[in-house]
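If you're matching them up, the sequences are chains A and B in order. Per numbering that gives the first Met the number 0, the very first residue in the first sequence carries number 0; after that it's consecutive. Per numbering that gives the first Met the number 0, the very first residue in the second sequence carries number 0; after that it's consecutive.
Each pair of labels, with its calculated beta carbon distance range:
1. B:Ile84 / A:Leu101: 29 to 35 Å
2. A:Phe13 / B:Ile84: 34 to 40 Å
3. B:Ile102 / A:Phe13: 51 to 57 Å
4. A:Ser125 / B:Arg1: 24 to 30 Å
5. B:Ile84 / A:Gln82: 30 to 36 Å
6. B:Leu91 / A:Lys122: 34 to 40 Å
7. A:Thr205 / B:Arg8: 43 to 49 Å
8. A:Ser56 / B:Leu80: 26 to 32 Å
9. A:Met181 / B:Ile110: 53 to 59 Å
10. B:Leu52 / A:Glu97: 30 to 36 Å
11. A:Gly64 / B:Ile84: 36 to 42 Å
12. B:Arg1 / A:Gln82: 25 to 31 Å
Cut-off 20 Å, straight-line C-alpha distance, at most; resulting in silico cross-link-like pairs (DMTMM-like, lysine to aspartate or glutamate):
13. B:Lys62 / A:Glu89
14. B:Lys124 / A:Glu123
15. A:Lys25 / A:Asp179
16. A:Lys204 / A:Asp179
17. A:Lys30 / A:Glu169
18. B:Lys61 / A:Asp148
19. A:Lys93 / B:Glu64
20. B:Lys62 / A:Glu149
21. A:Lys88 / B:Glu64
22. B:Lys61 / A:Glu123
23. A:Lys30 / A:Asp179
24. B:Lys4 / B:Glu64
25. A:Lys25 / A:Glu169
These are computed hints drawn from the structure, not numbers from a lab. Computed from a predicted model, the values in this text were never measured in an experiment. For each residue, glycine too, the CB sits at the ideal point set by N, CA and C.
The chain contents come next:
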Amino acid sequence: MIHTLEADGIQLSFGTRRILGDVYMKCETGKITGLLGRNGQGKTCLMNIILGSLKSSISSIRFDGEVTRKVNTRPDLLLYLPQFNFIPKELTVKQVLEDFQLAAADLNSRFPEFEGRHDLKVKELSGGQWRTIELYIVVKTPSLFAMLDEPFTHLNPIQIENIKQFLLEEKANKGFLITDHMYNHLLDISDTVYLLKDGRTHPAKTLEELEQLGYVNLP
Amino acid sequence: MRTIKLITRFYGAIFLANFLVTLSCVYLLAMAGKNDQAIVAVFFWYKIISMTLIFYTAIHYKKQELYYYQNLGISKTQLILATSIFDIFIWLMFILLQLLIGIPGPIFRYILWGVLLIHLYVYIKK
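So that you can see chain A by itself, here it is in the shape it has in the complex:
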């Protein structure tokens, strides 16, 4: 069964400055939805509104057509990877996996660089490994959807390719909404792409469309 997450009619203003005006977007399980936009266009705000941690003047978040509020208390529906590190730095990799009830062997088989490092505290990992373990728990923990805010930050090119492959494999288990400035990687793996511009979402899939919308300058 395909599940849907819809964000509809989202409006957000800070004082007199309108950030989002009548935004609509739809995600489905089994698909990766990309969200692009320049800095300050409201990508993270949109994710926080969907999550329920940021209030907007008008919004409707629907799961399978049913309006759902306070999604941030429903990890079975939606998990969130913020753009900054969120795992308490004093925890070990083992404790993190136990908290999320994930098997250590699965992590080792998917990311062999963690072999023998489960007793290390998260703060003792490299920036790339720290980001990888955060991605891993959000992607692997059962839920209908996951929102990933700048998942490729802190990762080297090999790690990025590995994560892209991982996301393509895991999209069979949930739907993803991903935003990142590395648009080439996002275009590679996304089934649907929205560009957030002037407070509205514009469907776009190719580089040419992104150029027409003024997001990129092609040579």
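Let chain A serve as the given structure and place chain B on it in line with the hints.
Just chain B now, kept in the frame of chain A:
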């Protein structure tokens, strides 16, 4: 069970600061002598205000970590409520114990210094 473990872990990070306030209340109660029962209300508000400040500081400095608990199904409100109630309960137990037993003030002074030193040690170690 997992929820209790996670809330306890969050509380562990702010336990010493809160416990220090609780012990200082008991110490002041021990020093109050005959007027001890009349002054409990003052200590209660002292505890509430200091606890609010400690929680506010903790939430401010750990706001990124709150997403960790959120992804595990524990909201910020649940964390604050559960730890506040537990902390007030500890405070109440110590106050009642002091009112019933009446441990002399000088003994509490040593305990207070001990906890303060542990607090400093943990802070420096971090």
